[in-house]
Structures are given as structure tokens and as C-alpha cells.
Amino acid sequence: MNSHYTFEEGSIALPDGFEDRTTNVFVLTNAALSPINFNITRDTLLPDEGLTAYLDRQLVLLRKNLPGYALTRREPVTLGNGEITGEQFSATQKHGAQTIHQRQAAFIHQPGRVLVFSCTGVRSFGEKQDAMWHDWLASFRASSAR
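Numbering (my numbering), first residue to last: 21 to 166.
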């Protein structure tokens with residue numbers, strides 16, 4: 021065991037050959053407010069794959085597996101104090117009579133590893149949600165354990 025993994029509640033030793041693919045989900049404590057959640061996921065690039073190719077591949081999978089998925093915007097974005105650049109996209113998906121709104125931003129945070137930030141809600145993003153999203157991305161500080 022050569023990798024020690026720290027999370028909010030504690031830490032564990034990982035056996036050789038394991039990598040972090042965890043998902044962090046953050047929800048409002050008062051669900052009566054506009055239901056929205058934030059997520060952080062981790063992924064691995066394919067050999068010789070860059071961020072744009074990774075996102076293109078992910079978008080193909082989303083369109084294939086989520087009927088009614090529609091990309092509405094794709095643009096550059098920064099993480100933290102602007103030290104990490106990435107790509108952001110906004111999309112909608114029809115789920116029965118309801119439309120789900122999502123924004124995702126992906127960043128290569130170390131060679132071959134992608135960090136994906138997501139915000140999902142049942143209402144379109146207004147000024148308050150936009151501000152929360154941008155503040156959340158700007159608040160990122162890289163771990164010294166990378």
C-alpha cells in the first residue's frame with residue numbers, strides 16, 4: 021500500500037493499483053429552495069487524449085445514454101485563481117415533463133487526470149445560480165498532496 025487517501029471524515033491506505041474515482045455530492049440543506057446540487061467527479065484520460073477530445077467523447081456518451089440531452093453552450097473556463105484552464109458546457113435534458121439543467125466544467129489537474137465540476141437543477145440558471153457556480157469554481161485550491 022503506497023497511497024494514502026484523505027477525505028473529510030478521515031483517511032485510508034489504498035492498495036497498489038487503485039486510483040481515486042470518487043464523487044462528491046453537495047446539496048442544499050433546505051430543499052424547498054430551488055433544488056440544485058453540486059458534484060465533483062474524477063476521471064482518467066485515454067492515452068494521448070487531451071481535454072477537448074475527452075469532452076467530445078463524454079458528450080457522445082451523454083447524447084447516446086440520455087434521451088433529450090441538448091448541449092446549449094460550450095466555452096473556456098478557469099478554476100481557482102485562474103491557474104487551471106478548462107472547458108465548461110451547459111446542457112438540458114428532458115426527463116418526462118421536467119427539464120433538467122446542468123452545467124459542467126472539466127479540468128486536467130494532473131497528467132492524465134480530469135476533475136469535473138457539475139451543477140444540476142430543475143430550473144434554468146439565473147443570476148444567483150450563476151454567481152454560486154462562478155464563486156464555487158473560483159474557491160478551488162489545489163491540494164499540496166497532488
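Please keep in mind that the hints were generated in silico from the structure rather than gathered at the bench.
Hints may be right or wrong, so weigh each one.
What the hints assert, rightly or not - Label pairs and their computed distance ranges (CB to CB):
(1) Asn50 x Gly100: 27 to 33 angstroms
(2) Arg161 x Glu39: 18 to 24 angstroms
(3) Asp63 x Gly100: 16 to 22 angstroms
(4) Pro67 x Val142: 35 to 41 angstroms
(5) Asp155 x Lys84: 30 to 36 angstroms
(6) Asp36 x Val142: 39 to 45 angstroms
(7) Asp63 x Thr112: 40 to 46 angstroms
(8) Pro55 x Tyr25: 14 to 20 angstroms
(9) Asp40 x Gln118: 16 to 22 angstroms
For glycine and all other residues, C-beta sits at the position ideal for the given N, C-alpha and C.
Structure-based check of each hint:
{"no.": "1", "hint": "Asn50 x Gly100: 27 to 33 angstroms", "result": "holds (28 angstroms)"}
{"no.": "2", "hint": "Arg161 x Glu39: 18 to 24 angstroms", "result": "holds (22 angstroms)"}
{"no.": "3", "hint": "Asp63 x Gly100: 16 to 22 angstroms", "result": "holds (19 angstroms)"}
{"no.": "4", "hint": "Pro67 x Val142: 35 to 41 angstroms", "result": "holds (38 angstroms)"}
{"no.": "5", "hint": "Asp155 x Lys84: 30 to 36 angstroms", "result": "holds (33 angstroms)"}
{"no.": "6", "hint": "Asp36 x Val142: 39 to 45 angstroms", "result": "holds (43 angstroms)"}
{"no.": "7", "hint": "Asp63 x Thr112: 40 to 46 angstroms", "result": "violated (22 angstroms)"}
{"no.": "8", "hint": "Pro55 x Tyr25: 14 to 20 angstroms", "result": "violated (31 angstroms)"}
{"no.": "9", "hint": "Asp40 x Gln118: 16 to 22 angstroms", "result": "violated (32 angstroms)"}
Of the numbered hints listed earlier, those contradicted by the structure are 7, 8 and 9.
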